[in-house]
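Could you build the full structure based on these sequences and the hints that come with them?
Protein chains: 2
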Amino acid sequence: MASSAPIGVFDSGVGGLTVAREIMRQIPNETIVYFGDTARVPYGSKSKKTIINYSRQIVRFLQSNDVKAIVIACNTASAFALETIITEVSIPVIGVVKPGAKVAAETTKNGNIGIIGTEGTINSGIYNTYLSKTKPNVRVYGKACPLFVPLVEEGWLDDPITVEVAKRYISELMTYDIDTLVLGCTHYPLIRHTIGSIVGEKVTLVNPAFETARSLREVLIHNGLESVTAAGEHKFYVSDGAEKFKKFAKTILPIEVIEPKDINIESFADTLFN
Amino acid sequence: MASSAPIGVFDSGVGGLTVAREIMRQIPNETIVYFGDTARVPYGSKSKKTIINYSRQIVRFLQSNDVKAIVIACNTASAFALETIITEVSIPVIGVVKPGAKVAAETTKNGNIGIIGTEGTINSGIYNTYLSKTKPNVRVYGKACPLFVPLVEEGWLDDPITVEVAKRYISELMTYDIDTLVLGCTHYPLIRHTIGSIVGEKVTLVNPAFETARSLREVLIHNGLESVTAAGEHKFYVSDGAEKFKKFAKTILPIEVIEPKDINIESFADTLFN
Chain A
110 MASSAPIGVF DSGVGGLTVA REIMRQIPNE TIVYFGDTAR VPYGSKSKKT
160 IINYSRQIVR FLQSNDVKAI VIACNTASAF ALETIITEVS IPVIGVVKPG
210 AKVAAETTKN GNIGIIGTEG TINSGIYNTY LSKTKPNVRV YGKACPLFVP
260 LVEEGWLDDP ITVEVAKRYI SELMTYDIDT LVLGCTHYPL IRHTIGSIVG
310 EKVTLVNPAF ETARSLREVL IHNGLESVTA AGEHKFYVSD GAEKFKKFAK
360 TILPIEVIEP KDINIESFAD TLFN
Chain B
110 MASSAPIGVF DSGVGGLTVA REIMRQIPNE TIVYFGDTAR VPYGSKSKKT
160 IINYSRQIVR FLQSNDVKAI VIACNTASAF ALETIITEVS IPVIGVVKPG
210 AKVAAETTKN GNIGIIGTEG TINSGIYNTY LSKTKPNVRV YGKACPLFVP
260 LVEEGWLDDP ITVEVAKRYI SELMTYDIDT LVLGCTHYPL IRHTIGSIVG
310 EKVTLVNPAF ETARSLREVL IHNGLESVTA AGEHKFYVSD GAEKFKKFAK
360 TILPIEVIEP KDINIESFAD TLFN
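Sequences listed follow chains A and B, in order.
Okay, so the first sequence: first residue is 110 according to our numbering, each after it adds one.
Okay, so the second sequence: first residue is 110 according to our numbering, each after it adds one.
Keep in mind that the hints were calculated from the coordinates and are not lab data.
Just so you know, not all the hints are guaranteed correct.
Pairs count within a copy or across copies, as identical chains cannot be separated in the list.
[Said to hold, decoys possible] Pairs of lysine-lysine residues, derived as DSS-like cross-links and limited to a Cα-Cα distance of at most 25 Å, are as follows:
{"hint": "1", "residue 1": "K311", "residue 2": "K158"}
{"hint": "2", "residue 1": "K353", "residue 2": "K158"}
{"hint": "3", "residue 1": "K311", "residue 2": "K353"}
{"hint": "4", "residue 1": "K157", "residue 2": "K370"}
{"hint": "5", "residue 1": "K157", "residue 2": "K353"}
{"hint": "6", "residue 1": "K252", "residue 2": "K353"}
{"hint": "7", "residue 1": "K158", "residue 2": "K344"}
{"hint": "8", "residue 1": "K242", "residue 2": "K276"}
{"hint": "9", "residue 1": "K211", "residue 2": "K242"}
{"hint": "10", "residue 1": "K355", "residue 2": "K157"}
{"hint": "11", "residue 1": "K276", "residue 2": "K158"}
{"hint": "12", "residue 1": "K158", "residue 2": "K355"}
{"hint": "13", "residue 1": "K356", "residue 2": "K157"}
{"hint": "14", "residue 1": "K252", "residue 2": "K355"}
{"hint": "15", "residue 1": "K218", "residue 2": "K207"}
{"hint": "16", "residue 1": "K158", "residue 2": "K356"}
{"hint": "17", "residue 1": "K252", "residue 2": "K356"}
{"hint": "18", "residue 1": "K353", "residue 2": "K211"}
{"hint": "19", "residue 1": "K356", "residue 2": "K244"}
{"hint": "20", "residue 1": "K359", "residue 2": "K157"}
{"hint": "21", "residue 1": "K207", "residue 2": "K157"}
{"hint": "22", "residue 1": "K344", "residue 2": "K355"}
What follows is the structure, encoded as structure tokens:
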């Protein structure tokens, strides 16, 4: 695999762009092929079986673009599909959960960590699993926040309604004296000000995107895959609504998103009855 | 086609159960095969092309169950896919938009009609099209309410946050002196009390489900397809999360939903690149 090959990054929709942004910042020589599954968003309420099925299709699509590594820039897909995907492809694959858990473990002082994410991510207990390996004596409190993704997609970022919803979701976590809160869904950094205003200054917000980009860089170096030339043109693909995606991407990314393309992701199913 | 054959009813998720409920009430001899596309919900933010693709797969699945007629119990799919589906199958197919528009035209006294629905339904202008044919001199005001479906799916039906969201969406419509408001999404009857409390008693809420069941009955009689024996066991299928669907269905339907089944709806694609 050539070190000039692109990195495949995928998410259920626009949230993964917060991870793509960090990759562009930290390892600017890398070229990204991004896929947002906008036809089937959200992932957070769906079953493990379905998320594995969707992730496999996307990985096949990304591999058809000759990517040298894959970043699952979605907590739900990282929670449900990372282990399976790793065993099925020969290129490096990283998710956002392990990097997020690592920073949370390093950040907490009193050992009380809150995790907010989708139903899928929270119910999987995946942050708990990673955290208990990294730092066995921490206490992890999870809370699913199913309305955050639709609120972000609606564009109500700094909004009194989003504040009310956030208060309801987060107030329970605050009773556990948490000092660290993981934004366990790649959409959530887009409402970090709202979340921050509720938890206050004593709680540190952890955004796994930063650490994910750092992990990616390490993995590329370790595998001799780091790009040594300037990045080519980043490419963006979606399963629906390319124009809408373009508008949203513009507000997140430091670059112009040129012509995102609409593809039929279902055509990347391996069999009709998998 | 035997008159004892079942009716196929489909929706993006649980919303279409409000239509199934009306069918059970009004034509209790009919047996229903229900499909909820819970893996790909919501439909409201997706493109026409994608909704036609999904609807075709579902119609193929329902036809594999030998249904004698199909009800598209979803406003977005009715808006985008009904015309296409009608030309592709030989059994009767009805949507929820035309029946809803008919009642709205009959209900309004001052000619000012509000429509609330998904982005897809509202932007399609479909209620406008039907209403201007039925009653040319009415004025139709549409408003997309993208957060209503996630709020219903979260179960926040009578809730201060839902009231706040509804106020924001609906207040604009109230400035047009509407006397009739169409609940143009099959999820919305589940928050009709909240919506009703905002618009007040002077505005009549129209739920297309009732009129859709009545239209279905007429179509069956017209085609000699009305069941003359007692209904068999209603069957329920979903593309994901059968257990979660069962719990929700319990709160909507007057019957026990016995073992909803999880199927791979993508396997009903006609070609890999349609």
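Verification of the supplied hints:
| no. | hint | verdict |
| --- | --- | --- |
| 1 | K311 x K158 | neither (39 Å within a copy, 48 Å between copies) |
| 2 | K353 x K158 | between (28 Å within a copy, 15 Å between copies) |
| 3 | K311 x K353 | neither (37 Å within a copy, 37 Å between copies) |
| 4 | K157 x K370 | between (27 Å within a copy, 16 Å between copies) |
| 5 | K157 x K353 | between (28 Å within a copy, 14 Å between copies) |
| 6 | K252 x K353 | between (30 Å within a copy, 18 Å between copies) |
| 7 | K158 x K344 | between (28 Å within a copy, 22 Å between copies) |
| 8 | K242 x K276 | neither (31 Å within a copy, 47 Å between copies) |
| 9 | K211 x K242 | within (10 Å within a copy, 62 Å between copies) |
| 10 | K355 x K157 | between (29 Å within a copy, 18 Å between copies) |
| 11 | K276 x K158 | neither (32 Å within a copy, 38 Å between copies) |
| 12 | K158 x K355 | between (30 Å within a copy, 18 Å between copies) |
| 13 | K356 x K157 | between (30 Å within a copy, 19 Å between copies) |
| 14 | K252 x K355 | between (31 Å within a copy, 23 Å between copies) |
| 15 | K218 x K207 | within (19 Å within a copy, 61 Å between copies) |
| 16 | K158 x K356 | between (32 Å within a copy, 20 Å between copies) |
| 17 | K252 x K356 | between (30 Å within a copy, 21 Å between copies) |
| 18 | K353 x K211 | neither (34 Å within a copy, 33 Å between copies) |
| 19 | K356 x K244 | neither (41 Å within a copy, 38 Å between copies) |
| 20 | K359 x K157 | between (31 Å within a copy, 24 Å between copies) |
| 21 | K207 x K157 | within (18 Å within a copy, 38 Å between copies) |
| 22 | K344 x K355 | within (12 Å within a copy, 41 Å between copies) |
Of the numbered hints listed earlier, those contradicted by the structure are 1, 3, 8, 11, 18, 19.
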